[in-house]
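J.: Sequence:
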Amino acid sequence: MLVQAMRGLAERGTGSFLIDLPGCNESLVALENQSLSTWRKAVSAAATQLGATHIASLRGGALVDDGTPDLPHWRLAPAKGSSLLKTMIRTRIAGDKEAGKTTSEAALIEAAKTGPIELAGNMLGPAMVEELASTEPAEVAQLAVRALGQDIAGSTLWLRAEPQDDPAMSDAITADLHLWSASCGG
Numbered sequence: 453m454l455v456q457a458m459r460g461l462a463e464r465g466t467g468s469f470l471i472d473l474p475g476c477n478e479s480l481v482a483l484e485n486q487s488l489s490t491w492r493k494a495v496s497a498a499a500t501q502l503g504a505t506h507i508a509s510l511r512g513g514a515l516v517d518d519g520t521p522d523l524p525h526w527r528l529a530p531a532k533g534s535s536l537l538k539t540m541i542r543t544r545i546a547g548d549k550e551a552g553k554t555t556s557e558a559a560l561i562e563a564a565k566t567g568p569i570e571l572a573g574n575m576l577g578p579a580m581v582e583e584l585a586s587t588e589p590a591e592v593a594q595l596a597v598r599a600l601g602q603d604i605a606g607s608t609l610w611l612r613a614e615p616q617d618d619p620a621m622s623d624a625i626t627a628d629l630h631l632w633s634a635s636c637g638g
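Offset between the sequence shown (1-based) and the working numbering: plus 452.
Mixed in with the good hints there might be a few duds.
[Stated by the list, open to error] Taking lysine to aspartate or glutamate and the EDC-like style, the derived pairs with C-alpha atoms no more than 20 Å apart in a straight line are:
#1 565 <-> 484
#2 532 <-> 591
#3 493 <-> 472
#4 565 <-> 582
#5 549 <-> 570
#6 538 <-> 582
#7 565 <-> 550
#8 493 <-> 522
#9 493 <-> 478
#10 532 <-> 582
#11 538 <-> 570
In case anyone wonders, no lab produced these hints; they're calculated from the structure.
Small disclaimer: the values here were computed from a predicted structure and weren't measured.
Given only the sequences and the hints, what does the whole structure look like? Please build it.
T.: Here's what the structure looks like:
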């Protein structure tokens, strides 16, 4: 979805980049040692190094996109950290139940205070879990928020069990980002 939208932007003459956050994909550092704070710094450093003129984020990306508050920001379906954390915990509890294990939200939160816990197939450390529980997308000066289904047609691909694509949604994201960036000097 995002890569297709980025390709669409490139076809319209707008460059974009999607960074690998520390602890993700080919990163040399462990995810369990990361936090929203370290990710926010990484986003800010990448934006500075690459000369970004605008910031676009999706869902939880809005929790770490505010390190460059003077740039215009576009957010699609921004999510509170607590909402993301609850979804991952519920998924873990359901998976454990299917495997015959009994797990509770309280037990997982308590375990996360002293070491990493596995949520959504990722090892999240104490700092990440603590920050997710209390972080909301920050206000920035120039902010455009888009709601999925209202402003951008599409479905919640991130809630599906298997990866899928929605070409129409990618096209809608491309069109909206292109118009938005042009309207704020991009």
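J.: Take the hints in turn and mark each one as holding or not.
T.: Status of the hints after comparison with the structure:
1. 565 <-> 484: holds (12 Å)
2. 532 <-> 591: Holds. Residue 532 to residue 591 sits at ~13 Å (cutoff 20 Å).
3. 493 <-> 472: holds (13 Å)
4. 565 <-> 582: holds (8 Å)
5. 549 <-> 570: holds (15 Å)
6. 538 <-> 582: holds (12 Å)
7. 565 <-> 550: violated (25 Å)
8. 493 <-> 522: OK: residue 493 and residue 522 at ~15 Å, within 20 Å.
9. 493 <-> 478: Answer holds: residue 493 to residue 478 is near 18 Å, not above 20 Å.
10. 532 <-> 582: holds (13 Å)
11. 538 <-> 570: holds (13 Å)
Against the hints set out earlier in the document, a violation occurs for number 7 only.
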